[in-house]
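Enquirer: Residue numbers (the numbering used here), protein chains in the order written: chain X, 90 to 181; chain U, 215 to 459.
To be clear, the hints were calculated from the coordinates, so they are not data collected in a lab.
Quick caveat, the model's predicted, so the values are computed rather than measured.
Among the hints, erroneous ones may be present.
Now the in silico label distances, taken between C-beta atoms and shown as ranges [said to hold, decoys possible]: (1) U/P244 x X/C127: 45 to 55 Å; (2) U/R230 x X/R175: 41 to 51 Å; (3) X/R177 x U/L413: 29 to 39 Å; (4) U/T323 x X/L178: 15 to 25 Å.
Ideal Cβ placement from N, Cα and C applies to all residues, glycine included.
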Amino acid sequence: MTDEHGEPAPLDGNGLGGVLGAFLGVDVTDAILVCDGCGRQQVLAALVVFGAGPGGVARCRGCSHVMLRVAEIRNELVVDLRGTTRLRLRRP
Amino acid sequence: MPGPLPWLPAYLVERRPETAAAATLVLGVPGWPGHLPGQHVDVRLTADDGYSTQRSYSLAAPDHGATVELTVQRVADGEVSPFLVDDLAIGDPVELRGPVGGWFVWSPTLPTRTLLVAGGSGVVPLMAMVRARHEAGAAAPMRLVYSVRTPDDVLYAAELERRGRLDEGLEIHVVHTRRAPPGDARPTGRLTREEIGSLAWPATEEVLTYVCGPTGFVDQVAGDLVALGYDDHRIRTERFGATGG
Ligand SMILES: Cc1cc2nc3c(=O)[nH]c(=O)nc-3n(C[C@H](O)[C@H](O)[C@H](O)COP(=O)(O)OP(=O)(O)OC[C@H]3O[C@@H](n4cnc5c(N)ncnc54)[C@H](O)[C@@H]3O)c2cc1C
Ligand SMILES: [Zn+2]
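Just chain X, with the same shape it has in the complex:
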């Protein structure tokens, strides 16, 4: 999607909740991730996301470092966490 200036308008990590929840069985939008680039702590919901729906690329809101890639490919979920130092999940 693009904004009024023709630039793509990113979503945020809320939009990845469906595909992640479908495979993991827990909501992870409130998981806390630490960025490998700048050390910033942020919830997954707050990441800058291009894509969503069946997958996307999530960047740090502080330094734009890629922290997470998610793809649903047929019956598989592929999550690439290069760029994330730490992922903290609360017990459901």
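Go by the hints and put chain U with the ligands onto chain X.
Expert: Here is chain U with the ligands on its own, set in the frame of chain X:
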């Protein structure tokens, strides 16, 4: 969330026009597990040739069992929203995955003040919070600041007017960016930082804030709130992309 989220078959039960560009879809979803205000669903449409596409839509009403309500605003040339607003017929199937979201959620049992800031169709999940507060008879103060282009674009206009008048502790402020109703003292234009400062509680109070709407709007408002001294950790955001201004 109890276990992996499957795609659930759903059927259109009722369509309620909200504005010229938006409609509320009431969908029957057998086996719907229930949801919280602020959560959304992924909607999947599949054509006869097998092509399928999905979009996210917020749940507009609190949990009422096996029916859910979505309010969709048409995006010109959009792939999915014009179909949902205009063409999906009563009884037609769609698939839903949800409820989705564990961070952008609100509960009527929260003891704190809640500030809601909506841009365009971003009011949809915030309306679920306003309605849930009403149904629970919750007493904690809530304020909704709703930025919209013209009076004709206000979603849930009559209900918001009524709730603002009757629900104790609830304040509704609608601001117009392109055209205001006759007699409105506010000049049309975007919500400014000063205005947010005057409509919000002082940053020294304990306030939980939810901001939702087009990405540019949400980024702007969240930045303004932080500049006004609001704690970043007490601001929850949800971005709809370019749509819904
Ligand atoms: C978590 C979440 C919740 C959401 N909840 C809701 C909701 O409750 N109600 C709702 O109506 N939407 C909601 N959305 C937005 C929704 O998911 C779709 O993005 C929207 O309906 C547009 O989809 P589309 O297929 O019609 O348009 P697309 O086919 O995806 O886009 C069509 C084209 O229009 C452009 N475009 C998009 N917006 C505009 C605009 N405002 N002006 C001009 N061009 C534009 C795009 O760049 C694209 O080129 C939500 C999104 C998210 C991530
Ligand atoms: Zn970073």
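Enquirer: Please list, smallest to largest, the hint numbers that this structure does not respect.
Expert: none
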